[in-house]
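Protein chains in written order, with the numbering used here: chain A, 2 to 286; chain B, 124 to 380.
Some hints here could point you the wrong way.
Residues from chain A shown here face chain B by an in silico Cβ test under 8 Å; the list is partial [as the list claims (entries may be wrong)]:
1) ALA187
2) SER190
3) GLY192
4) ILE199
5) PHE201
6) PRO205
7) ARG285
8) ASP286
Chain B residues, not near chain A, derived (Cβ > 12 Å throughout) [to be verified]:
9) ARG135
10) ALA175
11) PRO191
12) ARG199
13) GLN204
14) ASN217
15) ARG230
16) LEU235
17) GLU238
18) ASP280
19) PRO353
20) PHE363
21) THR364
Listed next, with one range per pair, are the computed distances between beta-carbon atoms [what the hints assert, rightly or not]:
22) B:PRO353 / A:VAL275: 49 to 55 Å
23) B:ALA285 / A:ARG200: 28 to 34 Å
24) A:ASN179 / B:ASP287: 28 to 34 Å
25) B:ASP287 / A:SER35: 49 to 55 Å
26) A:PRO112 / B:SER130: 42 to 48 Å
If you're looking for bench data, these hints aren't it; they were derived computationally from the structure.
Where a beta carbon is used, it is the ideal one built from N, C-alpha and C, also for glycine.
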Amino acid sequence: MTLLQAERGRRDLAEPERATVLWPRSDTPRRELSSRTISAITILAALLAWTLVTRLGLVAPLFLPPPQDVLAKFWTVASQGFIDATLAQHLLASLGRVLAALVAATLVGIPIGLAIGASRVGRGIFDPVLEFLRPIPPLAYLPLIIIWFGIGESAKVLVIAIAMVAPIALSTASGVRNVQQDRLSAARSLGATRRQVIRFVVLPSALPSILTGLRIALGAGWTTLVAAELVAATRGLGFMIQSAAQFLVTDVVVMGILVIAAVAFVLELGLRFVERRLVPWAGRD
Amino acid sequence: MSTLTLSNIAVRYSGQPRPAVEGASLSVGQGEFVVLTGRSGCGKSTLLNAAAGLVVPEHGEVSVDGRPIEGPGADRAVVFQSDALFPWFSARDNVAFALRVRGIGERQRHALANELLRRVRLDGLGDKPVWEMSGGMRQRVGLARALAAEPDFLLMDEPLGALDALTRERMQTLLLDIWAPGNLGVLMVTHGIEEALLLGTRVVVMAPDPGRIALSFEAGFSRRYAAGEPVRSIKADPAFTTARAELADAIFEGEPA
Ligand SMILES: Nc1ncnc2c1ncn2[C@@H]1O[C@H](COP(=O)(O)OP(=O)(O)OP(=O)(O)O)[C@@H](O)[C@H]1O
Ligand SMILES: [Mg+2]
């Protein structure tokens with residue numbers, strides 16, 4: 002190798018590494034347990050404790066049915082149904098409501114967030130509205146929704162959507178406020194119009210924050226589901242749990258809770274996947 | 124021949140008791156390469172941003188050919204030290220954004236952006252996400268994006284500040300090659316004393332408290348490059364070494380050692 006070639010090799014190495022790493026990433030081979038493994042162990046331990054407590058008769062099945070009963074119930078409800086609907090039908094009804102509410106809340110929340118983040122007037126109008134709505138528990142405004150909108154499907158979706166608007170709008174607003182000043186300056190000095198700045202700079206910049214807002218909103222949506230399905234529902238996971246509770250069918254209650262948790266988890270994973278595809282640059286620039 | 128003129132500029136940031144820049148006058152003609160240098164905090168970025176229209180002066184006027192500017196505009200494209208690229212776009216789309224703003228159709232945008240990337244020696248890297256690029260590559264995308272605006276003036280705030288020495292030297296010749304045809308007026312901020320001398324047809328030294336222009340002189344080294352002399356031979360010229368020492372003295376004049 003000539004000296005010059007050695008120099009060339011060095012020059013390539015001299016290209017600076019861009020990513021700032023606060024904590025070393027856990028994908029470097031190490032002996033320590035990954036947090037994923039620890040999570041798996043935690044879940045197994047909980048399951049074991051549940052089995053033991055019920056097997057040893059420490060808790061009556063009325064209060065906590067054993068895991069195998071819940072699993073058996075899962076199969077019966079899945080195949081034969083519970084209160085005139087199979088598990089899949091209950092699930093679809095709830096999923097439909099949550100997703101419809103998510104779409105509605107996104108359509109309303111993002112423009113509100115943009116207005117709060119990008120305009121003084123917008124902030125003046127919407128800040129107090131959101132601050133007013135945010136802390137109210139869904140069960141508190143539920144009666145009002147029923148009085149105003151009746152007991153149809155749209156009332157249920159509305160109850161869920163109301164709980165979702167604030168997280169989406171606030172995340173959007175914070176994303177908009179945190180747009181890098183230099184990027185705005187760059188767009189303006191290239192001659193971009195206000196519209197172009199919003200569409201090509203502000204919105205994409207805020208997208209990671211918006212997606213985080215959607216995740217928080219989904220969580221809030223599931224939390225509100227049971228309240229929403231108090232309103233004359235005939236199907237839905239929340240409805241299924243409440244009916245089961247009235248008849249003291251505890252294994253269906255527990256099974257319903259686990260199904261909601263599982264579905265919420267799957268949706269969360271889905272959103273994280275979307276995040277990786279849509280904003281791979283987030284946190285790296 | 125366009126000229127960008129800053130006359131008697133004073134800038135005071137809101138809430139600040141003292142102006143960041145006071146009484147600064149400067150002009151950049153087409154074909155000129157004006158380098159702003161000086162110690163940290165002496166108002167170089169402030170003055171450049173005033174020229175860009177991104178900062179509104181308290182006193183004084185920025186004008187192009189006698190017409191006062193109304194805010195930022197594509198005739199004065201800016202290259203930022205932070206590169207200010209859009210990470211949600213590929214390298215090509217970053218450049219194409221400047222073309223879209225000019226109302227150029229999608230087909231043409233693609234070809235023109237490729238052409239501009241070729242000019243900054245990034246051929247074939249158009250599809251690469253900018254967040255996967257090195258600092259030097261990113262600065263070149265920023266440069267291509269600024270050139271895409273077809274500006275009369277190119278305003279650059281420490282474009283090479285964050286680069287390693289080798290990349291920096293290559294970028295210096297790239298900047299000279301882009302300026303050499305003579306249809307651009309360049310205003311560039313740098314901390315590099317050698318860089319200021321090598322690139323500038325005029326070197327403007329600022330001093331702090333309040334930020335003002337302390338010294339301005341003509342330098343001929345970049346014209347020698349434009350006439351064909353290699354950078355290595357320019358830097359080896361004793362005149363260059365002498366000028367470098369003098370400039371260093373001027374910048375640090377009045378500063379306790
Ligand atoms: N947005 C701002 N608000 C208030 N003060 C500011 C602002 N920007 C700059 N200043 C002040 O104005 C003065 C000049 O700043 P400026 O950034 O123009 O200096 P500079 O010469 O570019 O410095 P550097 O070489 O470190 O980039 C400094 O004292 C700085 O603290
Ligand atoms: Mg600066």
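Worksheet entry | Hints the structure fails to honour | Structure breaks hints 4, 10, 12, 13, 14, 18, 25.
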